[in-house]
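Asks: Going letter by letter, the sequence shown gives residues 29 to 138 in the working numbering.
No wet-lab data here; the hints were simulated from the structure.
Check the hints yourself; a few may be wrong.
Claimed, not checked - What follows is a set of in silico ranges between Cβ atoms, one per label pair, in the way DEER data are often shown: (1) F134 / L62: 24 to 32 angstroms; (2) E116 / Y55: 34 to 42 angstroms; (3) V37 / G89: 18 to 26 angstroms; (4) A122 / S67: 30 to 38 angstroms.
Note that CB positions come from ideal geometry on N, CA and C, so glycine has one too.
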Amino acid sequence: MTADTVPVVVIGAGPTGLTAATLLGQYGIETLVLDRWESVYPLPRAVHLDDEIYRLLARLGVAEDFATISRPAHGLRLLDGDLRLLAEFRSGAALGRHGHPEANMFDQPQ
29 MTADTVPVVV IGAGPTGLTA ATLLGQYGIE TLVLDRWESV YPLPRAVHLD
79 DEIYRLLARL GVAEDFATIS RPAHGLRLLD GDLRLLAEFR SGAALGRHGH
129 PEANMFDQPQ
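Generate coordinates for the entire structure from the input sequences, incorporating the hints supplied.
Replies: Next comes the structure, spelled out in structure tokens:
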């Protein structure tokens with residue numbers, strides 16, 4: 029495989045780019061991942077994912093590993109710089125419609 033012949037190029041080796049590349053690979057599609065950083069980016073960019081993304085992690089075979097570094101959240105409030113409420117999420121359910129916790133918090137860059 030060379031950059032001249034690869035059918036898909038993913039720009040960015042963050043969580044989204046690597047997930048896309050891995051899923052494409054599971055379907056047998058050769059993929060080239062490009063990123064400006066030589067190693068894992070050292071600063072956090074995300075702290076939460078929902079049950080639908082958790083379902084994708086299960087498909088990739090890494091949901092059990094993710095469970096060891098994450099924790100379910102039963103609520104979340106997003107505030108602006110003046111502490112005004114932008115959005116709020118509350119969940120009483122243990123599992124969401126995809127069979128995983130609806131909200132999951134984690135520390136990055138783990």
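Asks: Each hint: holds or not?
Replies: The hints, checked one at a time:
no.: 1; hint: F134 / L62: 24 to 32 angstroms; in the structure: holds (25 angstroms)
no.: 2; hint: E116 / Y55: 34 to 42 angstroms; in the structure: holds (37 angstroms)
no.: 3; hint: V37 / G89: 18 to 26 angstroms; in the structure: holds (24 angstroms)
no.: 4; hint: A122 / S67: 30 to 38 angstroms; in the structure: holds (37 angstroms)
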